[in-house]
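**Student:** Given next are the chains, with one letter for each unit.
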Amino acid sequence: MTSPRRFEQDVPALLAELYLAGIPDYRDDLVRQVAGTRQRPAWTFPGRWLPMELTTARVPTTRLPMRQLGVLALIAILVAALFAAYIGTHQQKLPPPFGVARNGSMLYGSGGDIYRLDPTTGVSTAIVTGPETDQVPMYSRDGTRFAFFRQTGTGPTIYQLVVANSDGTGQRVVSTDPVTFDYSINWSADGRSIILDDTHGRVTRLDTVGNAPPQKVTYAGVRDIIALRPPDEGVLLYQTVTADGWTLQLVDADGTHVRPVFPSGGTSMRDDDYSGYEWSPDGSKIAFRLHPDASGDFRIYIANADGTGVRRLTKETGTECECDYFWSPDGTQIAFNRWRFDPTTGDWHARPVGIVSVDDGIVRDIGPQPTDEGAEFAFSPDGETMTWLPRRSPDAIGTTKDQPLLLNVTDGSSRTISVGVDSPPDWQRLAQ
Amino acid sequence: MDQRGLVERARQGEHDAFADLLDVRLARLDAAARLILRDGELARDAVQETMIRAWRDLPGLRDPDRFDAWLQRLLANACLDLVRRRKRRVIEVELTPIDAPSAVDIASGLADRQLLDQALAGLAPGHRAVVALHYLLGMPLPEVAASLGIPIGTAKSRLHYALAAMRISVTAEPDTAPATVAGGLA
Chain V
303 MTSPRRFEQD VPALLAELYL AGIPDYRDDL VRQVAGTRQR PAWTFPGRWL PMELTTARVP
363 TTRLPMRQLG VLALIAILVA ALFAAYIGTH QQKLPPPFGV ARNGSMLYGS GGDIYRLDPT
423 TGVSTAIVTG PETDQVPMYS RDGTRFAFFR QTGTGPTIYQ LVVANSDGTG QRVVSTDPVT
483 FDYSINWSAD GRSIILDDTH GRVTRLDTVG NAPPQKVTYA GVRDIIALRP PDEGVLLYQT
543 VTADGWTLQL VDADGTHVRP VFPSGGTSMR DDDYSGYEWS PDGSKIAFRL HPDASGDFRI
603 YIANADGTGV RRLTKETGTE CECDYFWSPD GTQIAFNRWR FDPTTGDWHA RPVGIVSVDD
663 GIVRDIGPQP TDEGAEFAFS PDGETMTWLP RRSPDAIGTT KDQPLLLNVT DGSSRTISVG
723 VDSPPDWQRL AQ
Chain A
1147 MDQRGLVERA RQGEHDAFAD LLDVRLARLD AAARLILRDG ELARDAVQET MIRAWRDLPG
1207 LRDPDRFDAW LQRLLANACL DLVRRRKRRV IEVELTPIDA PSAVDIASGL ADRQLLDQAL
1267 AGLAPGHRAV VALHYLLGMP LPEVAASLGI PIGTAKSRLH YALAAMRISV TAEPDTAPAT
1327 VAGGLA
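In the order they appear, the protein sequences are chains V and A.
With the numbering used here applied, the first sequence covers 303 to 734.
With the numbering used here applied, the second sequence covers 1147 to 1332.
By construction, these hints were calculated from the structure, which means they are not laboratory data.
Treat the hints with care, as some may be off.
[Unchecked claim] Per label pair, the in silico range of CB-to-CB distance:
1) Asp-632(V) to Asp-1162(A): 56 to 66 Å
2) Asp-1166(A) to Asp-509(V): 38 to 48 Å
3) Asp-492(V) to Ala-1310(A): 14 to 24 Å
[Unchecked claim] Now the stretches of chain A that chain V is said to cover, found in silico as 3 or more residues with beta-carbon under 8 Å:
4) 1148–1155
5) 1174–1182
Ideal placement from N, C-alpha and C gives every residue a C-beta, glycine not left out.
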């Protein structure tokens, strides 16, 4: 009998014998294909942050008739003011981009179409249909529009990002390059753009209203851009390498006032020690996952937005992985997935979703036992309900349908929404 | 020339440098893709997609030392994207008939490899991706988790499950009959 340890040591060699078969016979074809493919121009990947004043500095031009232009501008301002006053009295009130809001409809993808669901009545209506495969809808922060992935069928990793009005009309493709499911996609606070993070540290701002070209967002010395701070996106959290090792830092959006999240001389970590960063809805705190002692223990930590007050949030013992943080809209609680390590079997076991109080660090369970992959969950805009869905492996997206649960955050009671979804539903925010 | 230099030259658009980078990696990437997809043609598609995308986006790679990790991540995503796009189907894999070994020994060669292959066929593509990245491509587990967009706990759990399945297969009584096994694409 071979010991598990010995077996594990033998696996790489066994796999190499099984699958390594020399240089594949398509090598020359591949080299020819590459030779016929154009590289993306280097300017589309600027490696340094250029302050906007530099990139948008005006070039002196011919002197303009300023007096005439001034009169025209005054007239335009008057007309705009009158128009705004008219619109202001007739326009629907919108919710704030972050924080507590009223619950609206839910969007979900199923069978390649997008549906809108009334969570109160359970009535569901298809709003994006057609031959394309459309998936993973995401409402804008004001709930007036949504974005979704559209499979174009031109290659194995080719998806477009499409934006539509909340009723599915007015669809327009906003991505200029292919996107994939592993991209992180966030609506900006004002809803005028989508922040696209390709998870390789490249962040692009896509215009969802006008026709401005994609704007790359990069900063000097920043390896991995993590998250822009709500509500104004004026501060960036990022990961970088210093003389002491990997660390988290903050920088103002104009590229100034760099400061560490951990105080100088504090803990420095390896590349993989930090992850899972989430700003609180009001931007006053950051939650992040820390792997403090290389033991396999991954815990929630929080810090103030200025980098002070770093502390571990939960008080649970044992070896656990606390992952996938979701702040409640009022910023008082964080929900998360968790797995516990069993030292006797060497296995990790998923546990029910935990909700931790930011004030006292006390954790309580909510929802049923998830799959080995954990759960997909999200607070409703009013913070009183949570959507819950068993998480499926990435290869099962679009092939497995689940019925979401609505969990009462206060007492944990649940009810099932009787629709089959192939990705987690997304909740619309409405003004209170 | 060292790898960093080759990556820098390829980033400047030198095809020869990219071909050099490709030559020393192609066999292992192809092996990883075949392990994940269990289909030679699909593996070829995934590797082609990976290398063309790598060439196209190489000017955006900021740290040349991260080239391998970046390439392996592209491969894993190309494989899993292919899986997502295909309806479930059964792939017939012909295996060579063998004589039963006299004793179960992990290092005993063909029999164990065949059983190992059967065990891998029974795993989900997502589990095989963890095995391929970690054991065939030598990627550290936290990086595997990041590459596949899954928590580290899930990566560990998948690896543990896959190892258990492989270990059971090679320590169980081997089947001496010629084998045809079904591999699945979820």
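**Student:** Hint by hint, note whether the structure agrees.
**Tutor:** Hint check results:
The hinted window of 56 to 66 Å between Asp-632(V) and Asp-1162(A) holds, with their beta carbons roughly 59 Å apart. Take Asp-1166(A) and Asp-509(V): their Cβ atoms lie about 40 Å apart, and the range 38 to 48 Å holds. Range check, Asp-492(V) to Ala-1310(A): Cβ separation about 50 Å, and the 14 to 24 Å hint is violated. Given a C-beta distance limit of less than 8 Å, the hint that chain V covers the stretch 1148–1155 of chain A is violated, as 0 residues qualify and 3 are needed.
Restraint check on the stretch 1174–1182 of chain A versus chain V: 6 residues with Cβ-Cβ distances below 8 Å, three needed, restraint holds.
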